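From first to last, the protein sequence lines stand for chains F, C and R. Under this note's numbering, the first residue of the first sequence is numbered 1, with each subsequent residue one higher. Under this note's numbering, the first residue of the second sequence is numbered 1, with each subsequent residue one higher. Under this note's numbering, the first residue of the third sequence is numbered 1, with each subsequent residue one higher.
These are computed hints drawn from the structure, not numbers from a lab. Remember, it's a predicted structure, so these values are computed and weren't measured experimentally. Just so you know, not all the hints are guaranteed correct.
What the hints assert, rightly or not - Taking lysine to any residue pairs in the SDA-like style, the calculated list, with each CA pair at most 25 Å apart, reads:
no.	chain 1	residue 1	chain 2	residue 2
1	F	K57	R	K84
2	C	K25	F	E73
3	C	K2	F	D90
4	F	K25	R	D131
Said to hold, decoys possible - Chain R stretches covered by chain F per the calculated footprint, using a threshold of three residues with CB under 8 Å from any CB of chain F:
no.	region
5	109–115
6	119–125
Every residue, glycine too, gets a C-beta built ideally from N, C-alpha and C.
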Amino acid sequence: MAMLHTVNKSPFERNSLNSCLTKSKEGSTILLIEDAVLGALKGTVIADKLTTAMTTKNIYVLGSDLNTRGFTEADILDGIKVVDYSGFVDLVAEHANVQSWL
Amino acid sequence: MKFTLLINEGPYQHQASDTAYQFAKAAIARGHEIYRVFFYNDGVNNATRLAIPPQDDRNITENWAALAKEHDMDMVVCIAAAQRRGMLDADEAERQGKDAHNIHPAFRISGLGQLVEGGIQSDRLLTFGD
Amino acid sequence: MSDDIKKFMFVNTKAPYGTVYALESLEVVLISAAFDQDVSLAFCDDGVFQITKNQNTEGSGMKNFSPAYKALGDYDINKLYVEKESLEERGLTLDNLMDLTYEDEDDDWAEKPSIKLVTRAELADLMDQQDVVISS
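Pulled out of the complex, with its shape left as it was, chain F reads as follows (with noise of 0.2 Å):
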């Protein structure tokens, strides 16, 4: 079973994003939530960064987050797949561990 990583903060204000990115196997799963979610938009200076990642790597966004911020499913990457807190409490159950990237 894989790690699931959770990054709260928004990767054009602080690092954790880009941290993650570098020290979660191929297979994790990474979910963005609070700030974080806006790294998901389509546009951004990361925008590429998050598609290669999505290569390897499962990415969801916390929907509800996203919703509070003016955004929706619309505004987001390609294969990034949205999640409300029910589906964040599986992604827990179902993957062997959790990390907090603060």
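Since chain F is already given, all that's left is putting chains C and R on it; use the hints.
Frame of chain F; chains C and R shown alone:
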């Protein structure tokens, strides 16, 4: 599954406590158990009984208290972090010669060992912080 | 389940003093020693600054808690993984870090370094193997 949630930030200042609360509710609804919620660093401030947030906004402390009561959740405030930040229950206040106490009764004060024990006894431990 | 030893990793990504996380994380680590689990620490990103030498807090009035890292060896906590790339990106080498050691009871109490320099990829592997990761 049993979850232990570690909350490292105070109410309103960061979203950590809100996210953890929503997660806890969803986990319970999915049939899981919240083994313990542990408040550390500024997270101890979630346990204040004196907060008066605006009427049209959520009351984070009372939200936790209600959830804990409904589901018999163990909510622990780290004593070392609490003392540093002036969060005292009645016993601590008396022991330390302070003339007031401010911990909401839904929370109990205990040591860091409770966090480690939570990690040992739970299936998953999540950190909510900054 | 409760009798199995779990692998606990404390991940440190923030510089000390600017925020409290380094100090309060270390307090958890010291407490964890009493629980006989398989404890390790990871220092990456600005976390590498937590264990630099010569921390002199006189002028800032902050409490210098760096000596507490030296006690870890006495508590059987002797796996301190430091990410090589994080050091390099910050212009640091092992020489900038405190000399943290432990006495190996399986080797006639020989004094050995607790700091283990690892690459980003090696750290990723180590993190993946943990049961409990406590981040700060």
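Each hint tested on the structure:
no.	hint	verdict
1	F:K57 / R:K84	holds (24 Å)
2	C:K25 / F:E73	holds (24 Å)
3	C:K2 / F:D90	holds (13 Å)
4	F:K25 / R:D131	holds (16 Å)
5	109–115	violated (count 0)
6	119–125	holds (count 4)
In terms of the numbered hints stated before, the structure departs from hint 5 and from no other.
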